[in-house]
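We have chain A; now place chain B onto it with these hints.
Residue strings, one per chain:
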Amino acid sequence: MTQNHKSMLALISRWLFTTNHKDIGTLYLILSGIMFFIGGIMAMMIRIQLYRPGITFIDPNFYNQLVTLHGLIMIFGAIMPAFVGLANWMIPLMIGAPDMALPRLNNWSFWILPFAFLILLSTLFLPGAAPNFGWTMYTPLSTTYGPPSTDFLIAAIHLLGISSIIGAINIIATIINLRTPSMTYMKMPLFVWSWFITAFLLIIAMPVLAGVVTMMLFDRHFGTSFFNAAGGGDPVLYQHLFWFFGHPEVYIMILPGFGIISEIIPTFSRKKIFGYTFMVLAIASIAFLSFIVWAHHMFTTGMALSAQIIFMYTTMLIAVPTGVKVFNWVATLFRGAITFETPMLFAIAFVILFSIGGFSGLMLAVVPADYQYQDTYFVVAHFHYVLVTGALFSIMAAIYYWLPKWTGHYYNETLGQLHFWITVVAVNVTFFPMHFLGLAGMPRRIADYPLQYTDFNQIISIGAFVLGLAQIIFLYNIIRTIFYGKKATSRVWEGAQGLEWSIASPAPYHTFQT
Amino acid sequence: MDEFGKSLKVSYQLNLTTGVTPLSHAIYHLHMIIFWICIGIGIVVFSFLFYAIIYHRKSKGAKAAQFHTHFRLEMAWSIIPFIILALMAIPATKVLIQIRNTDKPDLTIKITGFQWKWKYEYLDSGIQFFSNTTTPFAQIHGSQPKDQDYLLTVDHPLVIPIHKKVRFLVTSNDVIHSWWVPDFGTKQDAIPGFIIEAWTRVNKPGTYHGRCAELCGMNHAYMPIVVEALTEKDFAAWVIQQKTGVAPPATSPAVISSEKNKALPVENKSETTSLASIMQKGQQIFNTTCAVCHQLTGEGLPPTFPALKGSPIATGPVEQHIHRVAFGKPGTAMQAFKDQLTDEEIAAVITYERNAWGNNKGDIVMPADVAAIKAKG
Numbered sequence: 009m010t011q012n013h014k015s016m017l018a019l020i021s022r023w024l025f026t027t028n029h030k031d032i033g034t035l036y037l038i039l040s041g042i043m044f045f046i047g048g049i050m051a052m053m054i055r056i057q058l059y060r061p062g063i064t065f066i067d068p069n070f071y072n073q074l075v076t077l078h079g080l081i082m083i084f085g086a087i088m089p090a091f092v093g094l095a096n097w098m099i100p101l102m103i104g105a106p107d108m109a110l111p112r113l114n115n116w117s118f119w120i121l122p123f124a125f126l127i128l129l130s131t132l133f134l135p136g137a138a139p140n141f142g143w144t145m146y147t148p149l150s151t152t153y154g155p156p157s158t159d160f161l162i163a164a165i166h167l168l169g170i171s172s173i174i175g176a177i178n179i180i181a182t183i184i185n186l187r188t189p190s191m192t193y194m195k196m197p198l199f200v201w202s203w204f205i206t207a208f209l210l211i212i213a214m215p216v217l218a219g220v221v222t223m224m225l226f227d228r229h230f231g232t233s234f235f236n237a238a239g240g241g242d243p244v245l246y247q248h249l250f251w252f253f254g255h256p257e258v259y260i261m262i263l264p265g266f267g268i269i270s271e272i273i274p275t276f277s278r279k280k281i282f283g284y285t286f287m288v289l290a291i292a293s294i295a296f297l298s299f300i301v302w303a304h305h306m307f308t309t310g311m312a313l314s315a316q317i318i319f320m321y322t323t324m325l326i327a328v329p330t331g332v333k334v335f336n337w338v339a340t341l342f343r344g345a346i347t348f349e350t351p352m353l354f355a356i357a358f359v360i361l362f363s364i365g366g367f368s369g370l371m372l373a374v375v376p377a378d379y380q381y382q383d384t385y386f387v388v389a390h391f392h393y394v395l396v397t398g399a400l401f402s403i404m405a406a407i408y409y410w411l412p413k414w415t416g417h418y419y420n421e422t423l424g425q426l427h428f429w430i431t432v433v434a435v436n437v438t439f440f441p442m443h444f445l446g447l448a449g450m451p452r453r454i455a456d457y458p459l460q461y462t463d464f465n466q467i468i469s470i471g472a473f474v475l476g477l478a479q480i481i482f483l484y485n486i487i488r489t490i491f492y493g494k495k496a497t498s499r500v501w502e503g504a505q506g507l508e509w510s511i512a513s514p515a516p517y518h519t520f521q522t
Numbered sequence: 019m020d021e022f023g024k025s026l027k028v029s030y031q032l033n034l035t036t037g038v039t040p041l042s043h044a045i046y047h048l049h050m051i052i053f054w055i056c057i058g059i060g061i062v063v064f065s066f067l068f069y070a071i072i073y074h075r076k077s078k079g080a081k082a083a084q085f086h087t088h089f090r091l092e093m094a095w096s097i098i099p100f101i102i103l104a105l106m107a108i109p110a111t112k113v114l115i116q117i118r119n120t121d122k123p124d125l126t127i128k129i130t131g132f133q134w135k136w137k138y139e140y141l142d143s144g145i146q147f148f149s150n151t152t153t154p155f156a157q158i159h160g161s162q163p164k165d166q167d168y169l170l171t172v173d174h175p176l177v178i179p180i181h182k183k184v185r186f187l188v189t190s191n192d193v194i195h196s197w198w199v200p201d202f203g204t205k206q207d208a209i210p211g212f213i214i215e216a217w218t219r220v221n222k223p224g225t226y227h228g229r230c231a232e233l234c235g236m237n238h239a240y241m242p243i244v245v246e247a248l249t250e251k252d253f254a255a256w257v258i259q260q261k262t263g264v265a266p267p268a269t270s271p272a273v274i275s276s277e278k279n280k281a282l283p284v285e286n287k288s289e290t291t292s293l294a295s296i297m298q299k300g301q302q303i304f305n306t307t308c309a310v311c312h313q314l315t316g317e318g319l320p321p322t323f324p325a326l327k328g329s330p331i332a333t334g335p336v337e338q339h340i341h342r343v344a345f346g347k348p349g350t351a352m353q354a355f356k357d358q359l360t361d362e363e364i365a366a367v368i369t370y371e372r373n374a375w376g377n378n379k380g381d382i383v384m385p386a387d388v389a390a391i392k393a394k395g
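In order, the protein sequence lines correspond to chains A and B. All you need for my numbering is the position in the first sequence, starting with 1, plus 8. All you need for my numbering is the position in the second sequence, starting with 1, plus 18.
Any given hint could turn out to be false.
[Claimed, not checked] Here are the simulated DMTMM-like cross-link-like pairs (lysine to aspartate or glutamate), alpha carbons at most 20 Å apart as the crow flies: (1) B:LYS76 to A:GLU502; (2) B:LYS78 to A:GLU502; (3) B:LYS81 to A:GLU502; (4) B:LYS76 to A:GLU421.
No wet-lab data here; the hints were simulated from the structure.
Just chain A, same shape as in the assembly (with noise of 0.2 Å):
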């Protein structure tokens, strides 16, 4: 054997079979990156399509097959792995522990992972079509008129789902057990709180998927007809199922971000957090609410008046525990002294912004209104509100925050606020106009449309690319920090507090041992 393939295999061991929560963290955000650009290059696909009527670019089948795959890839690839792949970073160095508790479930949970996109991805090249029926896979479109690669998805979901309910219980056990003793619950940074509260939703919340999509399985093979009214079953029981995990997976994909800009806003405001305690209990609210509005989701499918207005209540509370948090989050900023590195740009941008997907979420609390508003682009908007300028940019406010940690270097602050700054424009320009195509009557999830909606929707196309390119400077930023820029402190912040400041930069690869 030469020494080439010995060191080729001593890499790809040291890879496979590692368990230190750094290796296995980088190895989360490398897999997120990768599926936040297949996932990009699908949406752009998506608007040059959408840029003007008439199929101008893919087929309506091939476009469904899009639309379904970028929600997926979206969720499951890019925003849920980054969010685990910070949780494996900074967990442990926020709680003074050596590593997670179970390291090499923590090796399994993510090497699932690139198996079950390999699976999910390949039904793009399987015979027939790629599942195309929405990331909802609303029955009977997923069973009885299903592709054959539907049943690829569920075996995909399947394997998604144990990655997540490991990782979550992973998580869990370490932040209960493996604490420094000094660190009470509620001395526990809001991150740490955030996710800790995040990994009970998963456990509760992806065991119903598992379910419902293995109810589909046996609705497409045999014979069994939950979902099928001919065999007694009922197409809307689908919908239930998956929105009881749906809706908490929503807060699942929101909940690590505001824990990640309650971290943020403190350290460039040099102030503490304004109400820890609210912000705590306020997440727990938000947990909690979030198992009984699932219903929201289905307002026009005729379910009972008397459900209907209970979940409409429900929905519109809410607004409070989220309103408490922007609150805060403001209070926190009030007389700060503060300071506009990248970070905090996107903190901020995420402050604004989410709340204005909020605001949107309380318009489509009100029943009456969300029959006009219900699967338009009204809804698009919102979503893309609270996931992209919510989710994404706390993520990306996280990777400009921590990235010094990682890699002892400071990011090149220039190209981070060039980053920033474009992103921010055209985030505005490609989700701003898909309210008012919602409210002039543009159902989501088709392929072409009639003449009236040409202009915003050409308006969308050309922001969503400048968004997608744009994401190229972020790539490059982060790859540059890895091998050049100027030397990180071990503080890295001027208003840096906790304990994973209190360790070099770039963090050692074992930290905390006792």
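Just chain B now, with coordinates in the frame of chain A:
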């Protein structure tokens, strides 16, 4: 000015329509109330935020204050939003109760979603028909310039009287669709196997547009809804006209649909024996009704939408072919066309399918053959 034209007055529409029904008005007002509440809260919160960003920056010499935690303030900003929301919930609940009150209808229409068309059945008068898009393939694929009413036209619009409570019974034949007309404030998912009620009372005559709002497969974008709201007198005349057997008037200018309505049903059967003329009619029907799945080339999109070119059905026994078209294939998008097309139309389209794309069977299917197989079941 590009090929689409930009003269449409609805271009750059920013807000929700007020619509033409009591429900759409009520919804519009709720929409505006909650919108202004959001704007109000936004102004207050963002004012503080921007004030801090502008005046409390370190570069301006700001020193960080070290205050935190204020129980009363935090209770206040929890309770005040709660009160605003509770006040908002009252009118919202009232309108919602109105939306769901389908009592005492003057007229009941059953709406069934199909991949990708709507069927309307007037339960009081027995009138029923399918409503298909009439936008030509050539416009969708760009080989012909797009009309101003691209994707807005159907062959048979739903016709309803104004000032009457019209109850809709919404269901589906295959997958979930959603029947939505923004001007009515009516959106109802069409669930296969379940019938769900909705209603409207239109107060202005006119033509109203809507679309399917739930992803229902490949041609989700191509199932528009058109509703004609007529005065009571005009509606009564329309009902009589329908019952006396004349086909519903096509409102769309599309050539294909009006030819289809006029020409085929009144065709003298003895003339239809010429292969060329049958092929021509069959091709027209195929292109509007069948080509969305089986494609103009007959090659389909396998495996979901099989090819007809050289297929066992289209080149096999003619009886099986007729049976498949008349009765469909359950559990697939292949519907039963026995109630959607006349015997003459089915005969013509099958003749076309058996002789086009190199199938060249030379068969001429007669309407009587279709009638015989329909009768056998």
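Each hint tested on the structure:
1. B:LYS76 to A:GLU502: holds, 12 Å
2. B:LYS78 to A:GLU502: holds, 17 Å
3. B:LYS81 to A:GLU502: With Cα atoms ~14 Å apart, LYS81 of chain B and GLU502 of chain A stay inside 20 Å; holds.
4. B:LYS76 to A:GLU421: holds, 18 Å
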